[in-house]
Amino acid sequence: MPQQPARGTRLFTVTADTLVAVDFGPRAKRRPPGPYGRLFARPGTRAFTLANLLARLPMGMFSVSAVVMIAGTRGSYALAGAVTATGLAATALVAPWTARLVDRYGQARVAVPATLVAALGSLALLLCVRYDAPAWTLFAAYAATATTPNTGGMSRARWAHLLDGDPDALHTANSFEQAADELCFMLGPVLAAFLCGAFFPEAGTLVGVVLLVTGVLAFAAQRSTEPPPSGRTAAGAPAPSPSDRTTTATPAPSPSPLRSPGMPPLLAVCLALGAVFGSMEVVTIAFAEAQGHRTAAGVVLALQAGGSCAAGLLYGRVRFAGPAEDRYPWCVAAMTALLILPLLAASLTGSLLLLSAALLAAGMATAPTMITNMTLVQRRTPDGRLNEGMTLAVTALLGGIACGSAAGGWVVEHLTPTAGYGVPVTAAAAVALLVALVWPGVRTAP
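Sequential numbering of the sequence shown, starting at 1, is according to this note's numbering.
One thing to keep in mind: the hints can contain errors.
Listed next, with one range per pair, are the computed distances between beta-carbon atoms [to be verified]:
1. H293 x S76: 19 to 27 Å
2. Q291 x V112: 44 to 52 Å
3. H293 x D383: 44 to 52 Å
4. D132 x V438: 29 to 37 Å
5. P167 x V438: 21 to 29 Å
6. D383 x L433: 49 to 57 Å
7. R327 x P33: 20 to 28 Å
8. T349 x H414: 36 to 44 Å
9. H161 x R319: 21 to 29 Å
10. T86 x Q291: 26 to 34 Å
11. F199 x A221: 26 to 34 Å
12. P261 x D164: 14 to 22 Å
13. V438 x A337: 31 to 39 Å
14. G72 x H161: 41 to 49 Å
If you're looking for bench data, these hints aren't it; they were derived computationally from the structure. Note that the structure is a prediction, hence the values are computed from the model and not measured. Where a beta carbon is used, it is the ideal one built from N, C-alpha and C, also for glycine.
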C-alpha cells in the first residue's frame, strides 16, 4: 500500500529523460505587509519621500551653521543670535504667503523658484561673513532665506491627496512625517556642527544649500503624486463677465485657514508646544554645561528626539477606534505628566544620566500629541489650502520655539539651569489648560 510521504521530504522520479524533484515540505506563508509597507507600496510614494527627506534635512542645519559661522568669525554670539532671530521673524511673515502660492499654483511651480531665492540668501550670508561685510548685510541676507518652502507641509499635502478617504493610512502617513521631522531636526544640528568644525565655518551652510536645492528639485520632479493646484480663489480672481454670470455659477471661495472653525485654538496649542521644545533645548544645554559636560548636550537632546521619533513610528502602527478628537486631550495630559520627569531628575538627583532617561521618556509623549494636532489641523483646513494651513501650524511652532528659548534662557541666567526645566512644564500645562477650556468647541467644529 503506498505511503504518504513524510512532511519535509523530497520525492525524486524520472520522466522520460528528465529528473523531477517534488518537495512536500510546508510552504512558508508570506506575512502581509504592515501599515508602513502598505503605505509605501503605492506608486511614487518612495520617490517623493526620499527627495523630501533630502530637502528637509537642511532645516535643522541652517540656524546652527549660521550661529557657528557668524560667532566664529565675528566673535559675537549676540550678533549671531540676532541674525537668526531676524530670519525666524521673516519666515513667520513670509512662509504663509509662500504656502498660499503653493496651494494656488502648484508645488513644482512655486517651490523651485522660492527655494532658489532662499539658496541665494544663504550664499549671500556666507559671502558677507567670509568677506567681512557690514553687520546689516547679514540681517538682510538671512531674511532672504524666509522664502524657503515648508517641505514637510508639501509632503503631508501629497499624502492627503493620495490617501483621500482612507483615514487609517493617513494616520500612518502623518505619524511617519512627524518621525521624519524629529529625525531631521536630530541629525541636522549634529551634521552642521561636524561640518563647521571639521572643515571650515561656512561648510555647514554650503552643504545645507546643496542638499536643499537638490532635494526640492527632485521632489518637484515627482509630478505624478503632486496634488492639483486649487487655482485662484475669489479674493484674487478677476470678476466674471456678464455672460459668464448668466451661464455659470461662481464657485464659493475657500476661506482662510485662520477663519476656519476650530483652527485658532489649534494654532495656539502649536505656539505653546513650540515653547516646550525651545525651552527644553536651551535649558538642557545650560544644565549639561553646569555639570561640566557641555559636549554631551547634543547627545542628551538627541535621545529626546530619538524617543519622539520611535514613539511616532509606533503610534502610526496603532489603529484607533475613535476619532482623533477623542484621544487628543489624553495625549496632551500624558505629555504634560511626562515632562515633569526631567524637572524631577534635575532637581532631585542632578545626574545627567538620569536626566537623559527622563528626556527620552518625555520625548516619547510629544510625538503622539504633535501627530494628533497636525491631523486635526489637516481636517480643519479648507479644501485647496492645505499647504497654507500646515505652514501656519509650523509658523506657530517656530514662534513658540523662539519664545520658549528666550524664556528658558532668562530663567537659566537669573535663577538656575535646574529651575529652567520648569519652563517646559509650564508651557505644557498651558497646553493642557487651553485644551480643557476650548476643546468642547473645537471638538464639535466641522
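Now the hints, each set against the structure:
1. H293 x S76: 19 to 27 Å: holds (25 Å)
2. Q291 x V112: 44 to 52 Å: holds (46 Å)
3. H293 x D383: 44 to 52 Å: Hint holds: Cβ distance 51 Å, inside 44 to 52 Å.
4. D132 x V438: 29 to 37 Å: Check failed, 51 Å falls outside 29 to 37 Å.
5. P167 x V438: 21 to 29 Å: With Cβ atoms ~24 Å apart, the hint holds.
6. D383 x L433: 49 to 57 Å: Because 32 Å falls outside the window, the suggested range is violated.
7. R327 x P33: 20 to 28 Å: This hint holds: roughly 25 Å between Cβ atoms.
8. T349 x H414: 36 to 44 Å: violated (23 Å)
9. H161 x R319: 21 to 29 Å: holds (22 Å)
10. T86 x Q291: 26 to 34 Å: holds (32 Å)
11. F199 x A221: 26 to 34 Å: holds (30 Å)
12. P261 x D164: 14 to 22 Å: holds (21 Å)
13. V438 x A337: 31 to 39 Å: Taking Cβ atoms as reference, V438 and A337 lie about 20 Å apart, which means the hint is violated.
14. G72 x H161: 41 to 49 Å: holds (44 Å)
Of the numbered hints given earlier, the model fails hints 4, 6, 8, 13; all others are met.
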